[in-house]
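Mind docking chain B on chain A? Use the hints.
Protein sequence lines, in the order shown, are assigned to chains A and B. Mapping of the first sequence onto our numbering: position 116 corresponds to residue 116, and the numbering continues sequentially without gaps. Mapping of the second sequence onto our numbering: position 462 corresponds to residue 462, and the numbering continues sequentially without gaps.
For the record, the hints were derived by calculation from the structure and aren't laboratory data. Remember, it's a predicted structure, so these values are computed and weren't measured experimentally. Quick reminder that beta carbons are idealized off the backbone N, C-alpha and C, glycines included. Misleading hints may appear alongside valid ones.
Stated by the list, open to error - Residues from chain B that keep clear of chain A, each with C-beta distances beyond 12 Å, as calculated:
#1 V3
#2 E99
#3 F130
#4 F278
#5 K285
#6 N342
#7 A473
As the list claims (entries may be wrong) - Simulated pairs of lysine to any residue, SDA-like, Cα-Cα distance not exceeding 20 Å:
#8 K225(B) - L149(A)
#9 K64(A) - I52(A)
#10 K486(B) - A167(B)
#11 K54(B) - L139(A)
#12 K64(A) - D432(B)
Claimed, not checked - A few chain A residues that face chain B, going by a derived Cβ cut-off under 8 Å, partial list only:
#13 I8
#14 F53
#15 F56
#16 Q148
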Amino acid sequence: MKTGIRAIHIAAILFSIFGLAVIVESRKLTYWSEYGPGPGFFPFGLGILILIFSLFILIEEVRKKDKVEEAAPFYSGWNRDRKPLLAIAAYAFLMITVDIAGFYVSGSLFIVFLIKVVERKPWWIVLLVTAAAMLFFYLVFAFFLGVQLPKGFFAR
Amino acid sequence: MDVFSNLGMGFAVALTPTNLYFCLIGVSLGTLIGILPGIGTSATLAMLMPITFKLNPTSAMIMMAGIYYGAMYGGSTTSILVSIPGESSSVMTCLDGYEMAKKGQAGPALAMAAIASFIAGTISIVFMMFAATELADLAIHFGPADYFSLMLVGLSAVAYLGGGSLAKSLLMAAFGIFVSTIGVDIVTGADRFSYDNSELLDGIDFLILIMGFFAVSEVLLSLEKESGKQIFKFPTKLRELWPSKADMRYAIAPISRGTIIGFLIGALPGAGASIAAFLSYGIEKRICKRKDLLGTGIIEGIAAPEGANNAAATGALVPLLSLGIPGSGSAAIMLGALVVMNVRPGPMLFAEQPELVWGIIASMYLGNVMLLILNLPMVPLLAQLLRVPYYILYPVILLFTFLGVFSLNYSVFDLYLLLVFSTLGYVLRKMDFHLAPAVLGIVLGPIMEVALRSALILSQGSWMTFIREPISASLLVAMLLLLTSKYLFRGFKRAAESFNKREL
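The shape of chain A in the complex, shown without the other chains:
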């Protein structure tokens, strides 16, 4: 590694900040009432544990810096890590639009995006899978389980 700082170091630091935040925030709750431990008692302890464990990880990881193998880097470039990142983005898009466009529209766009844009498959596969999937979801969730799927702004 060129810089010596790895993703796990940053994660450990973020987790220790998170632990600190939990400690600070749980101090605002009652720690001990006249009956016994209050609502702030348990989270306070957890905050301390989170802080301790993440510092422990940090020390552990810093100490083994020479032995780190380069076999599995955290980010291995757009070409290799493109798919999961685009899938997360598509997932986010789905969450945002589903309330407006409804499940069938957003869900179809989701599948079309992943299979056409990310996987670059021919249109006939894209359309076939989308149609079959939507039918499947309709049958399982709306028909069999009686779930009210998000209808969207226009259907309301």
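Same frame as chain A, now just chain B:
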């Protein structure tokens, strides 16, 4: 307690047409999803759980038990046919299973996996029945301090035995427990960490964390691998399905050994099916008749680990049903399903809801029978599923999880939480964090907090109560030994080495 009359009642519950139907659906769905590459048992359980919500608790649990078994078997199928273990517990099956498949003996290998699972599953259910009732009788005398210590032991055991960095696993456990504290405090009604968000006031549904951590992040991670091309050579010829008589004779002893090892290991909190399978294979490597051939594709190499991992899956239900403490990630999801149904497993469950407990136990016998009947003829057909390319599967799986979470509370906010946990789970997995402790933490968190606080209220704030209660004290000692064993042993080893050097 009369185990057999209870079991009779259980069968009366499980044999109703409705419950038989749900058992069958569970087993088939579990196998179907479990066979899909890249989705392990936990992910299968997490994904399919929402479809059980509409059922009554007994039927739902019967279906979940069916899914559990089905998914385990599905994992073995992929190990044998394409050397891709559906999950870590079937890694050992790949060794001889895939070799057999390459030799054109995929049929007998698959059948043996089903037969070994069936025998081991059935025998270990008998073990479980007695062990769980005994343990439940014992646990009735547990006070809150004992319970808290027990849960600490369970969590540390999962963190320790899961492998990898202990600090990382413990951090995950603490994180999971913390997430469970968000929302209204059950004891005082105080609002915790919700920051006036009405959705957070009810707390975070642990199913969202389970689905994000287990189902979605697993899919995202497998997208990194070059999954565009199918890497495997697919042995289509399933000429002879049945193992020969000689095969059966060779397999009996390994199955029996695997069953006993698997059950004992599975019943320990934290040591799951993977360790059981690994150990039993290791033992066969030492003592079985054809040990030199092990690894070249012989039937014992399938019988032992498959028997062991199935027995372990059953063994894991002992602490789950009798103590309310899941021994593994999959068992934690089962516990989650129970909690959703407003059923709190624990020693009182056997007394309060016998028809539920014994119905589940009886349905496990049935589930095993169904697996055998269903899988033997269906395997060649099911194996075709492996030909479905991943680029078709993963968008559908992601949408399925999405709808699963939405159907919990019809809340869009939950969907954002799913996105957060999925991304977090993916990033953490990339850094070799084990996520099972986090799931266990969020499930056990509320019970732990209540136990801890009641213990301290009872003792008027004195921490000594955890040491003064004999059960609690011995559990805590066990935990300390477990967590420090790595350092202790290293110390011993070093001491022994220096001693030896001096002697020489």
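So which of those numbered hints doesn't the model satisfy? 8
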